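Read top to bottom, the protein sequences are chains A and B. Mind the numbering: the first sequence is residues 206 to 419 in this note's numbering, read in order. Mind the numbering: the second sequence is residues 206 to 419 in this note's numbering, read in order.
Honestly, the hints are just simulated from the structure, not real lab data. Just so we're clear, the structure is a prediction, and the values are computed from it rather than from any experiment. We put the CB at the ideal spot given by N, CA and C, even for glycine. A hint or two may mislead.
Example chain B residues on the side facing chain A (calculated, C-beta under 8 Å, incomplete) [to be verified]:
#1 Leu215
#2 His218
#3 Pro251
#4 Gln268
#5 Trp307
#6 Phe308
#7 Pro311
#8 Gly316
#9 His375
Protein chains: 2
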Amino acid sequence: MRVLIVYAHLEPHSFNHALKEQAINVLQAARHEVRVSDLYAQSFNPVATWHDFERAAVIQPRQYGVMQREAYLHHHVAEDIIAEQEKLSWCDLVIFQFPLWWFSAPAILKGWFDRVLMAGYAYDKEKWFATGLLTSRRAILSVTTQSPKSAYDASNMHGDIKQILYPVHHTLRFVGIMPLSPFLAYGVMNMDTQERRQCLMDYQLHLSEQIEKK
Amino acid sequence: MRVLIVYAHLEPHSFNHALKEQAINVLQAARHEVRVSDLYAQSFNPVATWHDFERAAVIQPRQYGVMQREAYLHHHVAEDIIAEQEKLSWCDLVIFQFPLWWFSAPAILKGWFDRVLMAGYAYDKEKWFATGLLTSRRAILSVTTQSPKSAYDASNMHGDIKQILYPVHHTLRFVGIMPLSPFLAYGVMNMDTQERRQCLMDYQLHLSEQIEKK
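Could you put together the complete structure from these sequences and hints?
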């Protein structure tokens, strides 16, 4: 299997980094091919601008989604977007590794969705969900939180984690990618060494179980 | 009343721009003070990095939220963040004007939340929700969508718009800001001139009604 890990954390000593490394090790040991988009290391630009399709003919009035489709169909897409699309097209499974910041993905990852999942590439007119352009791929969100698990119950502080992850999962479904069960590492800041080790083992088990579901 | 409009769209001819201008006109006509954070015009950097608190003492292991608090308390925060915090602190009402991209805010706005709503500034230990550090402020999300209104019913294509806006509304509530009823301009790409005019009038009415609720 071909696996792309899209990794969005700024700190090499973070638990996010450890989870990313764990996924690489586990997957490679099982003889899967792994590629990584390390968004911070790549200095990935998350801000959608008209520079994303600089040489494309301008359709007035300029509308970002319309211009995406035009630029994609005529091969006028910025190099950094093409590089990400190439990796995403290559993979069977994409893992998103990120910390939950303000109940969603960090901006650098949000912008990856904004810019990479272009109209014409990831979806098109009436080509979404079951007929989305990225079907036959699956995804796993691997997410760390600061608050403990109990904060993410429906009746508690932050509400159901499913509700919080809904926009990202729905995005994936829209382009045809099937989200598998997410992995949640809750309260990572308060974990001791033993708990971190256990969490990495839980992640290994989670990945194996989800992948074997194929 | 003091109103901050945080505006996140790349195109001056967009309907988002028209809604932003409408808000300015309506509010100023009612003798409210208005300031605007035009994130694209400001080339606002949405990516959280350690440069956000360059002169702050480093606490090992580096954790972004912990560093935020440390930097804020010791006045080591990047200038662009301070400028946004100053406007947010000044206002009684903050309006977020943005297009719904992948069922959430564009990355440039997501990063405004990531970087501006710092620990120590917007919330602190046990200081959240009713005791958040930005209480006595209210917010309105003014959001455009590509899909029509019917796509955002609970039983339809994208699910309930309330569910989609939940992470942003919950963020605001967490820091003590009370979200008022959002304004949704659905299917803006398919509106004709008359429908756009009507929508701007609806927005004027919405703003007046929400503000008078005080």
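Can you give the numbers of the hints that this structure goes against, from lowest to highest?
-> Of the numbered hints, all hold.
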